[in-house]
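> Start from the sequences, fold in the hints, and give me the full structure.
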Amino acid sequence: MSETQALFAALRQAADADVADVIEQLAGNGPENALCRINAIDLARSANLDEERTIAGLLHATRLGLFDLLWNILCPSCGGVLDTNTTLKTVIRPEYRCAFCAAGYEPVLDEVVEVTFTVNPRLRAIAAHHPETLAPLDYYRQIFWSSGIDLPPKDVFGQVMDEVTLETVELPPGDKAILSLSLPVGLAIVFDPVTHCAQFIDVKGEPRRERESLSVLLDRTAAQPVVATLRPGPLRLNIENRDNTRALPGVWIAGPKLDQLLSQRKPFVTAKRLLSNQTFRDIYHADTLNVEQRLKITSLTFLFTDLKGSTELYEQVGDLIAFDLVRAHFRLLTEIVGAEAGAVVKTIGDAVMATFPTPNRAVSASLRMREAMRRLNQERKRDDLLLKIGIHEGPCLAVMLNERQDYFGQTVNIASRVQNLASSQAIYATGPVVDHEATAQLLQSAGVLPVSQRHALRGIGDSLAIYEIP
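If you read the sequence shown in the working numbering, its first letter stands for residue 195, the second for the next number, and so on.
Just so you know, the hints here were simulated from the structure itself, not pulled from any lab data. In this text the structure is predicted, and so the values were computed from the model without any measurement. It is possible that some hints are incorrect.
Unchecked claim - Cut-off 30 Å, straight-line C-alpha distance, at most; resulting in silico cross-link-like pairs (DSSO-like, lysine-lysine):
1) Lys398 to Lys451
2) Lys398 to Lys370
3) Lys490 to Lys460
4) Lys283 to Lys460
5) Lys490 to Lys540
6) Lys490 to Lys283
7) Lys502 to Lys540
8) Lys540 to Lys283
9) Lys460 to Lys348
10) Lys348 to Lys451
11) Lys502 to Lys575
This is the structure we're talking about:
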């Protein structure tokens, strides 16, 4: 058995067999462009696979060295990749600027940071491992635009790019070029996807016959130039590449065709979703953030549980049996959390803190947890192990605490205190959780009607509407 065969055999042991087969087929026979910045959600849907199992399979493939995990900083407006990182630890800038959109963005984990997978060159070498060798259109498809842009097929893409591009040139490091073109009325953009340098040209007024000149420097360290105002007509464009790599500057026409091209979007794996993935937490443990980092998440759902009756249980059945029962309860909860796209952040005594990307996933998990505990009690022919559950959704910070990737903020505090309100075998959730559209549909399908109450929570100024899910 070769080393590669052994690695894929190990992948089949760790991951879902169908997912492992798809990954192996893709790595061996897939086109090169399909192996660069793989969108796990896209892959799952195209192969009719479960999304969470596909993400888990790619994570295990990364652990085995078959693929590389990439954290891409995106421009949410144009979908361009502003920066690529092999670890979240290097996402340290407070703002990332998109020259193409002339806007800056904070690296918020549920909007701006994308997670993709690229085949490791030791498994299979592809052109994208050396972006400087890619043709311009391939560079845009594989390197510049994120996996969340739903680009048309290659031939259609090429046709659209021809329609929105006045001129393009390939510039080696330190080289210069002179482009002669005719400017139409409207907004034109001189843009290089490699250096992320841009020059906006506002073309207006009466057409001219005489040729105007404009110089553009491709320099990553230079400030964004002011908008140039020119009249329609002939232009002599001088471009100088001051970077140490090949550049691909082009002159774009900003208009409906370009807007249409960039408006087609599809789901992608966000950093928030990966941090709330149980397989990711199991593999990477504390190797996610630096102690100094504080990365924002605009919306994350927290679920806290506590096992009521565990203290009495130790007295009734003894330490050994009680310990085994508590471990069985932890195992049930962890399996349910993972199945609902969540992750256990930590356990505190007999309590669990878990995160989910959306409120409906947390509510679904809570209903399953309650049913699992009911069955556990049935097997014991007792009903003294009861689970109290509290759920809340809101913004938070991803941080490192006690050598563990954790979360900080008022949302976490409220979720914990909502759980403390819960009586035996109760699920308590806040308004943002119950009012979430997918949650409402879930509860309606289950025939469950939440009961509203108002409670004052310690440390929270106003009383909150808390819903009991019977």
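> A separate judgement is required for each hint: does it hold in the structure or not?
Hints, one by one, checked against the model:
1. Lys398 to Lys451: holds, 20 Å
2. Lys398 to Lys370: holds, 27 Å
3. Lys490 to Lys460: holds, 23 Å
4. Lys283 to Lys460: holds, 27 Å
5. Lys490 to Lys540: holds, 20 Å
6. Lys490 to Lys283: Holds, at about 14 Å.
7. Lys502 to Lys540: holds, 18 Å
8. Lys540 to Lys283: With Cα atoms ~21 Å apart, Lys540 and Lys283 stay inside 30 Å; holds.
9. Lys460 to Lys348: holds, 17 Å
10. Lys348 to Lys451: holds, 16 Å
11. Lys502 to Lys575: holds, 17 Å
In this structure, none of the earlier numbered hints is contradicted; all agree with it.
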